[in-house]
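Number of protein chains: 2
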Amino acid sequence: MKIIELKKSVTASNDADAAALQSELAGKGILMVNIMSSAGSGKTTLLERIIEDLGRTVRIGVIEADIDASVDAERIEQLGARSIQAHTDGMCHVDAGMTRAALDEMGSNDLDMIFLENVGNLICPAEYATGSHLGVMLLSVPEGDDKPLKYPLMFSTSDALVITKTDALEYFSFDMEKCMQRARSLNDKIRIFPVSAKTGNGMKEFEEYLLAEMKSLKQV
Amino acid sequence: MKIIELKKSVTASNDADAAALQSELAGKGILMVNIMSSAGSGKTTLLERIIEDLGRTVRIGVIEADIDASVDAERIEQLGARSIQAHTDGMCHVDAGMTRAALDEMGSNDLDMIFLENVGNLICPAEYATGSHLGVMLLSVPEGDDKPLKYPLMFSTSDALVITKTDALEYFSFDMEKCMQRARSLNDKIRIFPVSAKTGNGMKEFEEYLLAEMKSLKQV
Chain A
27 MKIIELKKSV
37 TASNDADAAA
47 LQSELAGKGI
57 LMVNIMSSAG
67 SGKTTLLERI
77 IEDLGRTVRI
87 GVIEADIDAS
97 VDAERIEQLG
107 ARSIQAHTDG
117 MCHVDAGMTR
127 AALDEMGSND
137 LDMIFLENVG
147 NLICPAEYAT
157 GSHLGVMLLS
167 VPEGDDKPLK
177 YPLMFSTSDA
187 LVITKTDALE
197 YFSFDMEKCM
207 QRARSLNDKI
217 RIFPVSAKTG
227 NGMKEFEEYL
237 LAEMKSLKQV
Chain B
27 MKIIELKKSV
37 TASNDADAAA
47 LQSELAGKGI
57 LMVNIMSSAG
67 SGKTTLLERI
77 IEDLGRTVRI
87 GVIEADIDAS
97 VDAERIEQLG
107 ARSIQAHTDG
117 MCHVDAGMTR
127 AALDEMGSND
137 LDMIFLENVG
147 NLICPAEYAT
157 GSHLGVMLLS
167 VPEGDDKPLK
177 YPLMFSTSDA
187 LVITKTDALE
197 YFSFDMEKCM
207 QRARSLNDKI
217 RIFPVSAKTG
227 NGMKEFEEYL
237 LAEMKSLKQV
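So the protein sequences, as listed, match chains A and B.
Per the numbering used here, the first sequence starts with residue 27, numbered consecutively.
Per the numbering used here, the second sequence starts with residue 27, numbered consecutively.
One or more of the hints may lead you astray.
If several chains are the same, the list does not tell them apart, and a pair holds so long as it fits within one copy or across any two.
When the alpha-carbon atoms are kept at most 30 Å apart in a straight line, the in silico DSSO-like pairs for lysine-lysine are as follows [said to hold, decoys possible]:
no. : residue 1 : residue 2
1   : Lys204    : Lys28
2   : Lys33     : Lys241
3   : Lys34     : Lys230
4   : Lys204    : Lys244
5   : Lys215    : Lys28
6   : Lys241    : Lys34
7   : Lys224    : Lys204
8   : Lys54     : Lys204
9   : Lys224    : Lys34
10  : Lys215    : Lys244
11  : Lys204    : Lys241
I should point out that these hints are in silico values taken from the structure, not numbers from a laboratory.
Quick caveat, the model's predicted, so the values are computed rather than measured.
Throw the hints in and build the complete structure from the sequences for me.
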């Protein structure tokens, strides 16, 4: 398994770097998805499920960004997907330059779909474009339905919200309707997918959304 | 309820500012506790329980630091404790200057114990001293027992680890023994308290720890 130690990018404009990377990947028909959430919301478990469900027909690669450790990349490699562990040198996000460095090291030209598992928190990743085509945020049921009130930037900049661990809904006082309303009041275009990666509930709808986005990119 | 908009402190040394604040509070016999965790680990719920249990004999104040919103300070005020909502201007942590500004605005001279509920993430708050006497981190059972591997700085710099939502242990695959071992391998002095703020299990031990720390400060 590859590990890359990333350093802060020294560049005039992260937004310009991100736009360039996004356009290059689109030209090759490769969809990149930026997966963002708090620590412990189930990013890696969701990706494991997607790889199991789609991995036979879609060539998937995963960049696992973390401050430290390489447990997530090991989990992904066990399922046969390509992956690289990117250490962020203490930083709480990845930017476009860091993403490009990780892609170069991993190799991506023969892939169809790349997931960038961003550093686990709802704050910094919302502030840095990475070159991804889709921003997908996860919120797990145990975290609570009040999170849109506290992290408005993350909710307002994401294309999709995946509400994870819905199998635990009976156990926690999580008001699904209220949570969706709060998210939509910040972002009226956000797509919302309640899922359980454990039972598989709702996964099909989310995977179809990813496949449709990938196809629309390949058709351009 | 008071709300204060904090700006990044412009100062030569945050560590020196933190040491000065810590010493001033100690001189007044006031214990300040820095509460850190991911979003949704149950910081506010834990504080609500502590206020219910200790609030009649201990004068408690709470600084609620958040990027936005004021829902947490409202919850605390409903229990009759003094509180202030501190907005961090997009920053993922509070430093000593910001903490002092919030304390000045809230008023703290007649308090015994102050909780600083830091911004919800396991990364930035570990890097900035605040002037608190104790650093207490929370990890909730649904987040998973692998978190010490991913956020080593937070575990190695905290005085105590409170493992929250233990009432959900049966529902999640969380290896308590393994989690404790991982935390202790990073920090052999860390005090660990498994609790459920919902059922009250384990709360007494944690509250006795806080009271003992407060008393040792008042005796100096």
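Consistency of the hints with the structure:
no.: 1; hint: Lys204 x Lys28; verdict: between (42 Å within a copy, 26 Å between copies)
no.: 2; hint: Lys33 x Lys241; verdict: neither (33 Å within a copy, 45 Å between copies)
no.: 3; hint: Lys34 x Lys230; verdict: neither (37 Å within a copy, 45 Å between copies)
no.: 4; hint: Lys204 x Lys244; verdict: neither (36 Å within a copy, 45 Å between copies)
no.: 5; hint: Lys215 x Lys28; verdict: neither (37 Å within a copy, 34 Å between copies)
no.: 6; hint: Lys241 x Lys34; verdict: neither (33 Å within a copy, 45 Å between copies)
no.: 7; hint: Lys224 x Lys204; verdict: both (24 Å within a copy, 22 Å between copies)
no.: 8; hint: Lys54 x Lys204; verdict: neither (40 Å within a copy, 44 Å between copies)
no.: 9; hint: Lys224 x Lys34; verdict: neither (36 Å within a copy, 42 Å between copies)
no.: 10; hint: Lys215 x Lys244; verdict: within (23 Å within a copy, 55 Å between copies)
no.: 11; hint: Lys204 x Lys241; verdict: neither (33 Å within a copy, 43 Å between copies)
Of the numbered hints stated above, those contradicted by the structure are hints 2, 3, 4, 5, 6, 8, 9 and 11, listed in ascending order.
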